[in-house]
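*Asks:* Sequence:
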Amino acid sequence: MSESSNESGSRELPKQYRPAEFEPGILSRWLASGAFHADPAAVKSGRKRGYSVLIPPPNVTAALHLGHALNNTLQDVLVRAKRMQGYETLWMPGTDHAGIATQTVVDKRLRAEGKPALVEHKQMEAAGENGRERFVELVQAFKDEYEARITDQLLKMGCSCDFDRQRFTMDEICARAVREAFFRLFRDGLIYRGKRLVNWDPVTQTALADDEVENEEVESSFWYMKYPVVDAAGEPTGEHVTVATTRPETFFGDTGVAVNPNDPDRARFAGQRVKLPFVGRVIPIVADDYVVAPDPESSDSKAKYASGFLKVTPAHDPNDWDLGQRHSLDIVNVMAPDASISEQHGWEDVGDAGWAVGLSREDARAEVEKRFRDAGLLADKKPYSHSVGHSYRSHAIVEPYLSDQWYVRVTDDRLRGSALRSMSPDQRTTDGFRASSADRTSEEPGDGALRFVPSRYAKSFETWHENLRDWCISRQLWWGHRIPVWTISNKILVEDGHLDTLERKFKGAFHCITSEGERDEQIATICAQPNEELEAFLESIGAAQDPDVLDTWFSSALWPLSTMGWPNHAIQAPDARVLLPEAPGSLRSIYVKRVNTWSEFVGKADEFSGDLIDRLIFLREKDADKLVYQLFSAKDLSLPLYTPDEIQECEDLVCAVGLKQHGEVETAKFGSMHLDDWLLSHGFVSTADLLGAFNPTSVLSTARDIITLWVSRMVMFNRYFLSDAASNDRGGPAGDALGPIPFRDVYIHALLQDGDGRKMSKSLGNGVDPLDIIDSHGCDAMRFTLCKMTTQTQDVRLPVEHDAATGKNTSPKFDEGRNFCNTLWNAARFTLSILDRAGPEDAGGQPVSPGELPLLDRWMLSRLTQSARSIEGSLDRYDYAPYADSMYDLLWRDFCDWYLEASKPTIDSSPAQRAVLRNAMETILRLLHPVCPFITEAIAEGLADRRTAAVAGLTLGEPEKAGLLCTAAWPSCDESLVDEDAEARFDRVRGLVEAVRQVRAQHQVKPKQRLTLHTDAPTLALVDEAAEATRFLAGLEAVTTDAPAADAVKFTFAGGDHFLSGLAAGVDKDAERARLTDLVSKLESDISKIEGRLSNPGYTEKAPEHLVNQTRQQLAEKQEERDRTRQALEGLG
RNA sequence: GGGCGGAUAGCUCAGUUGGCUAGAGCACUCGCCUUACAAGCGAGGGGUCCUCGGUUCGAGUCCGAGUCUGCCCACCA
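Heads up: the first sequence begins at 4 in my numbering, then just goes up one per residue.
Calculated from the structure, these hints are not laboratory results.
Where hints are given, some of them may not hold.
[What the hints assert, rightly or not] Computed spacing ranges between beta-carbons, pair by pair:
(1) 348 - 236: 27 to 33 Å
(2) 761 - 591: 41 to 47 Å
(3) 1019 - 1088: 23 to 29 Å
(4) 407 - 268: 48 to 54 Å
Cβ coordinates follow ideal geometry from the N, Cα and C atoms, glycine included.
Using the sequences and the hints, build the whole thing.
*Replies:* In structure tokens:
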């Protein structure tokens, strides 16, 4: 209310916490201090234990939503807590290129803007105008825009990521990992090419992803077509089978008919053959229990419409494809890419069906119906409505279309088996692929070490793997990692001697499958490692690179590896201090590259390495504050080479580059460059062995919908690529010789829904933007509320409200967090004002011994200790809501409501109490910091220069960096601070205060009116333990054992009668009568319940004795209280 | 179709291995601008713990059946 709150002094803080005034400044201080930058050497040297988390990289398709805010808050809570607990923490940030989604979003955006979109760029590409390259550039620009937004959001959400190491799944570092991974899998026989039905859009002539297909209900028909049964000689037996289908036009491609082996009427046909009308193809009838038996009465539409026979068209229906595979049926594709009937794409036995060739699929359907009817082969046609996939782009009906695709053989034991064996045995439900051996060392967990939290999600993981099929990894897109496979005519490759050149110059860097190994006699398939020279060579001999890109999940699956520098992580490098002894401790990272000779390193002016050294020299001269470098002989890395002669003569040079800062630097000559990425992508290797220090990571925090798509694949890849055998040329490992799992725990967080239980989404308009909440409530309030909501259930609801004034969505739930922060703020203001009133003499005294403190202070220290224990347990269990609840109760209920209030009368005259106050405040700040990092940091700054003595048993170390709370130690509360006796006694004081307040409220006593308490000796003794506090809190002027005055009001407390006198307005007899009457009836209801329990012999005989005694005592107390209350009631008249 | 949740106060949710009178925040009622805090303080009212059955001396909690509701995966001839 008062606008002059700042006038009394410059140290005074504003009455309300205003996050926007603090958050940006604190963020800058965090970043400048390097507090979030992990040092792998600290882990490798054993100085600290490592704790690492990989961010699930958000898609660059859009800004982060509240679900991201939730998951990132939860990760940050863990990371900040562990950092304070003395771990070297790495939280690796990054973004995902999200191939299909991003390409689609950009395509849509371009079309909406009326600019050339995907289709137009495809035309350019076909015309030789670099359409592909130009389109990818547009997507790249879009990605840059959103990546920047996402990074900004992460910063504003207070995420303590190691932003110096931020990655993008398509940057050069990740690309190298993708290429290497693909190469090794290819070489080891775990990647193969196969046929698969894709969702084909015949209008735009592109393949679509499943989520680009929009299902729409379509009014159509069921056709019943009769196929004549033939004998061994191919002559009709006179019988027919009737197949039921919604797609009669595909019958040209039928290669079988299926029947259920348990069908009593029709199973006898299995093993016989039919002759396809018009086409004349003789095809088998196979038995398969996939076929549904007809049942006209069934509510299942399949059974209702079924004929009992299913036509099998493997090339034009996904289920038929599977069925065909099971029974080794032929595959006949009868369509052209435009979905017209064609004999040019695999259909050779046209027979008498030539009339169909060239018809569109719609016309073909009508013509097939007509011809079958005319021939008497159409048994029936019934109207039928069913859902059919349509292209999101052209809205044409999607055609299942057979095409070449690349697969990862994930069903191989080296992949699937490793994932299943990773699971903790107590979370397994079946026996297959059980862990073959117990845990390895805790440093490198393998089999049996992967745990899901909550554990129920282990089952999703398990069943997914047990039903796994090979993973199709090719996508017909432009935005993504292009498949590193080239094809060339076998003849050119071998006869022109190119294969010899390859073998000679690039041995080990490629894997070639020539005609013997491939079904196509003409083509050689070459998979290449990342090697620019090799690629240039392949292009030069006319080899064509596969136009497709990899499934986004392929690069996501490598996230634990690529972000940590794999495959170039493992180098033998000496300590940074040896490499660059002159470099001050401010060096953030060191990169090394080994070359042979100086001339090779420098190269010719127009070559790659010439540019390299040019840059290095340039940077050293012009920007010495950003970079240092040094050359060595590989023989002795402790002796730097200085003179030109030394360098010229050396034949095995090593160049070490140390960076003093990260991120973008501006150079006049080369423009803006990111030094880390630039060095890494030019063959330098980081001496910081992130992989060795931080993989396996500690926990993966993610949503349940990607347990299969992402979690599984990371496990398989991490274990495969980090196995010893996969690192050499002999091929991958088998059985249990696998590498470590990528993370020990998988924490699956709850999903946010709106107040009605619906998913938050753009289209529903119920999404909440985290930045809006940060604006309106502050970051800490958002984070606190999100944590408080996060229970172990699978969904949490957040009521969403639309604010008409701002046009933005918000939720009243965030008020709770804001109010909490505000209370903390005010408690801190009050604390600081008390410390300010004391002199500097408070600081530097002997530690305060808890045993000599008043009851109130012993109680507070005990509560702090118990809360810290409880919070530590919650964190270990990823149990966020109890953590937030504990903090809420500790700060508000204990510290503010009771400790601060009760200390008011005495604290100004007690240095010991001030020491407790200060240390309690600081303990609360530290316990809360992981959830509310900004406000706690802001307050800690104010607390830093108001010192008091320490409290024995409560250890609060100094911050490690720049005085920042985020680098301070987790509070250590000694067990000796737990004081059950003080808690019990103070609880009784509270009870007394509450009893008095109750009387005051019921009699409408003004707050300033002081009363006299007439009580018994034991209660008087209790009051004396916190005399000033009790009088202050209850509004008492005197406490006495004297007899009460006539106008006194009686109340009960702890089984005794007590009286209050001095109520200014006197006793309101009606109010008092009503109060006592209510009390009696409540007591009687309690008494009858207790009597009921005690009269049950089962209870008194079987329940634990202490419980029964307790109940008896309770009954006695209640009865006594009831009797006394009745007397008092009679006394009122 | 397979799997996994949820149902407790008007709303959003807690409720540890079964055990005193089932809790919190918001909302509501009454009284307070008490010098940290009205985004607050003090005191209240409000519950057939979804239904039925079972185990038990005792069930919100454990077991069985069902109803409603949500999510994930698969599929829709």
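*Asks:* For each hint, tell me whether it holds in the structure or not.
*Replies:* Hint check:
no. : hint                    : result
1   : 348 - 236: 27 to 33 Å   : holds, 32 Å
2   : 761 - 591: 41 to 47 Å   : holds, 46 Å
3   : 1019 - 1088: 23 to 29 Å : holds, 28 Å
4   : 407 - 268: 48 to 54 Å   : violated, 41 Å
Checked against the numbered hints given earlier, the structure breaks only hint 4 and satisfies all the rest.
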